[in-house]
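Colleague: Take a look at the letters that make up each chain.
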Amino acid sequence: MDGWMSDFVFCTGQYDSGDWDGAPDLPSNLIDSVARYTSIAVAPSGATIPLSSDAILEYPLVYLTGHMPFRFSEAERRNVRKLVDRGGMLFIDDHNHDIGGVFHKTAMEEITRTFSVPKDLPNDNEIYRCFFKFGDGPPATSHELNGWGDNLVHKNLQAVMEGDRIGVLYSSKDYSSEWNYSPDSKRFSTVDNTRFGVNIIVYALTR
Amino acid sequence: MLSRAEMRVRLEQALRGIVIVVLAVMLWQSLREQTDSGGQLVNARGVGGGALATWSKMAKAPGRIYVQLDSAPTPVERSWLGALAGAGSSVMWSGELAPMMIDAQPVASPAGGTNVLVAAPGGSSVVVSDDVGPIDTVRAQSVGAMLALSSEPDLLTARAKGSIASTGPRNSVVLHKVLVIGDAGWESKFVVAALEEEGWRVDAFIRLAPGVDVTQGSAAPIDTSRYSAVIALDGAASPYANRILEFVRTGGGVVLAPQAAALDAIAPLRAGAAGRATSESRASQASGSLSLATLALAPITSLKSDAVPVEKRAGVTAIAARRINAGRVLQFGYEDTWRWRMSGGEGAVRDHGIWWTSLVSSVAYAQRVPRTIAKASTDAAPTIGLVAAIGPATSASGLLNLLGKRSGWMVWLIVLLALGLVGEVASRRLRGAP
Chain R
1 MDGWMSDFVF CTGQYDSGDW DGAPDLPSNL IDSVARYTSI AVAPSGATIP LSSDAILEYP
61 LVYLTGHMPF RFSEAERRNV RKLVDRGGML FIDDHNHDIG GVFHKTAMEE ITRTFSVPKD
121 LPNDNEIYRC FFKFGDGPPA TSHELNGWGD NLVHKNLQAV MEGDRIGVLY SSKDYSSEWN
181 YSPDSKRFST VDNTRFGVNI IVYALTR
Chain E
1001 MLSRAEMRVR LEQALRGIVI VVLAVMLWQS LREQTDSGGQ LVNARGVGGG ALATWSKMAK
1061 APGRIYVQLD SAPTPVERSW LGALAGAGSS VMWSGELAPM MIDAQPVASP AGGTNVLVAA
1121 PGGSSVVVSD DVGPIDTVRA QSVGAMLALS SEPDLLTARA KGSIASTGPR NSVVLHKVLV
1181 IGDAGWESKF VVAALEEEGW RVDAFIRLAP GVDVTQGSAA PIDTSRYSAV IALDGAASPY
1241 ANRILEFVRT GGGVVLAPQA AALDAIAPLR AGAAGRATSE SRASQASGSL SLATLALAPI
1301 TSLKSDAVPV EKRAGVTAIA ARRINAGRVL QFGYEDTWRW RMSGGEGAVR DHGIWWTSLV
1361 SSVAYAQRVP RTIAKASTDA APTIGLVAAI GPATSASGLL NLLGKRSGWM VWLIVLLALG
1421 LVGEVASRRL RGAP
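Order-wise, the sequence lines are chains R and E.
For the record, in the first sequence the residue sitting at position 50 is 50 according to the numbering used here, with numbers rising by one throughout.
For the record, in the second sequence the residue sitting at position 143 is 1143 according to the numbering used here, with numbers rising by one throughout.
Keep in mind that the hints were calculated from the coordinates and are not lab data.
Every residue gets a Cβ at the ideal spot worked out from N, C-alpha and C, and that includes glycine.
Check each hint, because a few of them may be wrong.
Unchecked claim - Mimicking EDC-like on lysine to aspartate or glutamate, the simulated pairs with C-alpha atoms at most 16 Å apart in a straight line are:
(1) K82/R - D1213/E
(2) K82/R - D120/R
(3) K133/R - D1213/E
(4) K186/R - D85/R
(5) K105/R - D32/R
(6) K1177/E - E1152/E
Unchecked claim - Ranges between beta-carbon positions, derived for each pair:
(7) S53/R - A1273/E: 36 to 42 Å
(8) A75/R - R1139/E: 40 to 46 Å
(9) P122/R - R1201/E: 40 to 46 Å
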């Protein structure tokens, strides 16, 4: 709607270290899902914003992914800390699906250094039922089921809580691969596998 | 026809008559003062030092009591002066007493606080104190000053130009929840967060999809037994418009964001038409650290006749308010206030929360519970109390005029008496009579 309130813009965070742009089709896919299932006013295109820019604070939900070693610069660290402190949320997904991989190890170190040690998120958390219902917790990805990466099906996501809400959500499940396809291809799926992505966005917008 | 000698004798008799009449008038005047006013004029500076008791214990109450005051008498002293006036004494006063008044109202906010209003002469320096000591000094504007305290002291005093007024909040307030109605989005999320951080208990109806709402708290009926205020953010409020209108009519408070104010269903509530933010307004928001002053503003136009502008920015109305029966509506034109919280300066989160609290507090229905305060210890309007007890001040010149009239009257009588005596004696002597 052209008017008073701005639409929700899906934001991919750009960081200096590693590769941040490994899932270029994921934003449009999730935007399509949000528009398809909800009445949330969503911008048709996502935004890619450097974490070191103050402009990142205009996007209270920021998605980060990568395969390579992950390090925050000081400006990036300051901004993501401020974003979460002020009520925003980071969603970080390991594109390797490998808990022994370099992204996982370095990302966990960075999250711990910047926020605190991530803990397993209980599978009855609000994020699993705020729109679609996921009774068993985070949905498994085809990469997990096919034994790629660390050959594990991760039972939980990890999170850093800010009070009773999620400040940082960390996934080892490689949703970045799972959701990285053109929205047009959804018609070939019996169940839309991006539904959990809708939950992440709804959670961020309402909690 | 009388001869010249006989006429002279008649004149002497007339002069004697005048002298006797003047003496009689003076005697009567003297007796009347004794009878009517006790005769005594008391002229005192202030009413302290047992003066009131002295006047009250006199065998005959003073006829006139004139006191020159440097400060307003206490409530007891005022009542005492009033009693003397009631007992027959004519009580007058003069003095340059600052017309002071103080009022304290509890703030309808979870954080509590007190709004202090002081009426004092413009430009005067007003010292506001609680029962511990001075809190602040404020400069009175044209008619007074206002002070917002975060505390709720039992006793507040204001001093200016020698006058002291004191009061204490007479009521406490009981607040209910706030209901936020909006679409799922950053504005609804951060409005709820801001209010909760400021201590409000918040229910929320957040529209997610057709037929799908996220409800925070219980989905209770919208009435003043459950909610102090409703915040309508956008089109999600449309289905609730009739209930919100009824809520306001029964005393509830409503805050309307621009997108909600533009709804046809909300038209009976709004203070004015919701305009659109200008491109300049949006541009100012896009650059640098945000504040309330740089948020995009959709001006409120075509104010209803009973609406009042509360805040203006660059000549346009940013916030307006109106009453509807027992309730209040506050409409604002700032867009996407969440941007201020996220992209503002260091204190932006708190400032955003305080601002939202101030909006809600200004309209919130708050049940009043009387507080027990020692009334004898407060004196909210001492000068007004003095006027109510013994009347307005008599100026010093007025009093002198009063006394001067009586003196002049007596002087003329004495002159007349002297002329009569001299004339009568001279006439007799000149004609050789004894």
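Colleague: Could you run down the list of hints and mark each one as holding or not?
Modeller: Structure-based check of each hint:
{"no.": "1", "hint": "K82/R - D1213/E", "verdict": "violated, 30 Å"}
{"no.": "2", "hint": "K82/R - D120/R", "verdict": "violated, 23 Å"}
{"no.": "3", "hint": "K133/R - D1213/E", "verdict": "holds, 15 Å"}
{"no.": "4", "hint": "K186/R - D85/R", "verdict": "violated, 36 Å"}
{"no.": "5", "hint": "K105/R - D32/R", "verdict": "violated, 32 Å"}
{"no.": "6", "hint": "K1177/E - E1152/E", "verdict": "violated, 21 Å"}
{"no.": "7", "hint": "S53/R - A1273/E: 36 to 42 Å", "verdict": "holds, 37 Å"}
{"no.": "8", "hint": "A75/R - R1139/E: 40 to 46 Å", "verdict": "holds, 45 Å"}
{"no.": "9", "hint": "P122/R - R1201/E: 40 to 46 Å", "verdict": "violated, 25 Å"}
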